[in-house]
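K.L.:
Residues per chain, in single letters:
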Amino acid sequence: DGGITQSPKYLFRKEGQNVTLSCEQNLNHDAMYWYRQDPGQGLRLIYYSQIVNDFQKGDIAEGYSVSREKKESFPLTVTSAQKNPTAFYLCASKVRGDQETQYFGPGTRLLVL
Amino acid sequence: SQQGEEDPQALSIQEGENATMNCSYKTSINNLQWYRQNSGRGLVHLILIRSNEREKHSGRLRVTLDTSKKSSSLLITASRAADTASYFCATGGGSNYKLTFGKGTLLTVNP
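Chains E and P, in that order, give the protein sequences.
Quick note on the numbering used here: the first sequence kicks off at 1 and runs consecutively.
Quick note on the numbering used here: the second sequence kicks off at 1 and runs consecutively.
Hints may contain errors.
[Unchecked claim] Cut-off 35 Å, straight-line C-alpha distance, at most; resulting in silico cross-link-like pairs (DSBU-like, lysine-lysine):
{"#": "1", "chain 1": "P", "residue 1": "LYS69", "chain 2": "E", "residue 2": "LYS83"}
{"#": "2", "chain 1": "E", "residue 1": "LYS83", "chain 2": "P", "residue 2": "LYS103"}
{"#": "3", "chain 1": "P", "residue 1": "LYS98", "chain 2": "E", "residue 2": "LYS14"}
{"#": "4", "chain 1": "P", "residue 1": "LYS26", "chain 2": "E", "residue 2": "LYS71"}
{"#": "5", "chain 1": "E", "residue 1": "LYS83", "chain 2": "P", "residue 2": "LYS56"}
{"#": "6", "chain 1": "P", "residue 1": "LYS26", "chain 2": "E", "residue 2": "LYS57"}
{"#": "7", "chain 1": "E", "residue 1": "LYS57", "chain 2": "P", "residue 2": "LYS56"}
{"#": "8", "chain 1": "E", "residue 1": "LYS14", "chain 2": "E", "residue 2": "LYS57"}
{"#": "9", "chain 1": "E", "residue 1": "LYS83", "chain 2": "P", "residue 2": "LYS26"}
{"#": "10", "chain 1": "P", "residue 1": "LYS98", "chain 2": "E", "residue 2": "LYS57"}
{"#": "11", "chain 1": "E", "residue 1": "LYS71", "chain 2": "P", "residue 2": "LYS56"}
{"#": "12", "chain 1": "P", "residue 1": "LYS103", "chain 2": "E", "residue 2": "LYS9"}
{"#": "13", "chain 1": "E", "residue 1": "LYS70", "chain 2": "E", "residue 2": "LYS9"}
{"#": "14", "chain 1": "E", "residue 1": "LYS71", "chain 2": "P", "residue 2": "LYS69"}
{"#": "15", "chain 1": "E", "residue 1": "LYS70", "chain 2": "P", "residue 2": "LYS98"}
{"#": "16", "chain 1": "P", "residue 1": "LYS69", "chain 2": "E", "residue 2": "LYS9"}
{"#": "17", "chain 1": "P", "residue 1": "LYS70", "chain 2": "E", "residue 2": "LYS14"}
{"#": "18", "chain 1": "E", "residue 1": "LYS9", "chain 2": "P", "residue 2": "LYS98"}
{"#": "19", "chain 1": "P", "residue 1": "LYS98", "chain 2": "P", "residue 2": "LYS70"}
{"#": "20", "chain 1": "P", "residue 1": "LYS103", "chain 2": "P", "residue 2": "LYS26"}
{"#": "21", "chain 1": "E", "residue 1": "LYS57", "chain 2": "P", "residue 2": "LYS69"}
{"#": "22", "chain 1": "E", "residue 1": "LYS70", "chain 2": "P", "residue 2": "LYS103"}
{"#": "23", "chain 1": "P", "residue 1": "LYS70", "chain 2": "E", "residue 2": "LYS70"}
These are computed hints drawn from the structure, not numbers from a lab.
Chain E on its own, in the form it takes in the complex:
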């Protein structure tokens, strides 16, 4: 899992509630990513950020929001607009430039009450 931490490990959301997933890295990486993984499926990109104060939508951004105020941190908010939030959420980071390898955190499992 390298130098990327995600918290909490499990998160429960009530209907209509916004919840925020934390992702912190101490690898001095410029780029950070959020993925969603459903059972038996691959990873789908939600949002990514190549530099502080900048981020772009991925393939499934609807119902999610992010911020990138610090290089080390890339929190993901799952809003009430996301009608099917139950999934495993993975954060990753990489060095900006040609080095393509992404380093992943341990993940947060989000469950709806």
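Fit chain P to the given chain E structure using the hints.
P.N.:
Then chain P, alone, in the frame of chain E:
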């Protein structure tokens, strides 16, 4: 959209046997990577092969890339129970640094 598709979806072998997984993709790539995911955990990078390379080795891993067929294979030799995991191929690169993952192959190595 999912660029890579792994085959088979699931593979069960005995310890000591070799395991081969395949990945097919649709568009041109800069590189192709393989990752491993143990159940309920994050992904771990295994190996990267660039579009101008045909074969690469890392320990018990051997990866091949055929850009004319848009396919790659991952071979794990002398498998161990600890190799039990899901294996994903990922394609991407370029200026937006995005990777696109397949759905993965679930490998079970029986002791």
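K.L.:
Look at each hint and say if it fits the structure.
P.N.:
Now the hints, each set against the structure:
1. Between P:LYS69 and E:LYS83, the direct Cα distance comes to roughly 39 Å. Violation of the 35 Å bound is thereby established for this hinted pair.
2. Restraint check for E:LYS83 and P:LYS103: the C-alpha separation of about 23 Å stays at or below 35 Å, so the hint holds.
3. A hinted pair counts as satisfied when its Cα atoms are at most 35 Å apart, and P:LYS98 with E:LYS14 qualifies at roughly 32 Å.
4. Proposed proximity of P:LYS26 and E:LYS71 is supported: the alpha carbons are some 34 Å apart, at most 35 Å.
5. Using a Cα cut-off of 35 Å, the hinted pair E:LYS83 and P:LYS56 is violated, with the two alpha carbons roughly 43 Å apart.
6. Taking the CA atoms of P:LYS26 and E:LYS57, the gap is about 22 Å. The hint holds against a cut of 35 Å.
7. A C-alpha spacing of about 33 Å is found between E:LYS57 and P:LYS56, which places the hinted pair at or below 35 Å, so the restraint holds.
8. Proximity of E:LYS14 to E:LYS57 is assessed by CA-CA distance (about 25 Å); at most 35 Å being required, the pair is judged to hold.
9. Using a Cα cut-off of 35 Å, the hinted pair E:LYS83 and P:LYS26 holds, with the two alpha carbons roughly 31 Å apart.
10. Distance hint between P:LYS98 and E:LYS57 is fulfilled; the C-alpha atoms sit about 11 Å from each other, no more than 35 Å.
11. For the hint pairing E:LYS71 with P:LYS56, the CA-to-CA distance comes to about 33 Å; that is within 35 Å, so the pair holds.
12. Of the pairs offered as hints, the one joining P:LYS103 and E:LYS9 holds, with about 23 Å between alpha carbons and a cut-off of 35 Å not exceeded.
13. For the hint pairing E:LYS70 with E:LYS9, the CA-to-CA distance comes to about 22 Å; that is within 35 Å, so the pair holds.
14. With a C-alpha separation of about 40 Å, the suggested pair E:LYS71 and P:LYS69 falls outside the 35 Å cut-off, and the hint is violated.
15. Annotation: proposed proximity of E:LYS70 to P:LYS98 holds, straight-line Cα distance about 21 Å (limit 35 Å).
16. A distance of roughly 40 Å separates the Cα atoms of P:LYS69 and E:LYS9; the hinted pair therefore is violated under the 35 Å criterion.
17. A C-alpha spacing of about 44 Å is found between P:LYS70 and E:LYS14, which places the hinted pair above 35 Å, so the restraint is violated.
18. In summary, the hint linking E:LYS9 to P:LYS98 is supported, as the alpha carbons are separated by about 25 Å, within the 35 Å threshold.
19. With a CA separation close to 19 Å, the supplied pair P:LYS98 and P:LYS70 stays within the 35 Å bound.
20. Distance restraint check for P:LYS103 and P:LYS26: the Cα-Cα separation of roughly 14 Å lies within the 35 Å cut-off, and the hinted pair is therefore satisfied.
21. Only pairs whose Cα atoms come within 35 Å are accepted, and E:LYS57 paired with P:LYS69 is accepted, the gap being roughly 31 Å.
22. Of the supplied pair hints, the one linking E:LYS70 and P:LYS103 holds, its CA atoms being roughly 32 Å apart against a limit of 35 Å.
23. Straight-line distance between C-alpha atoms of P:LYS70 and E:LYS70 comes to about 39 Å, which puts the hinted pair past the 35 Å bound.
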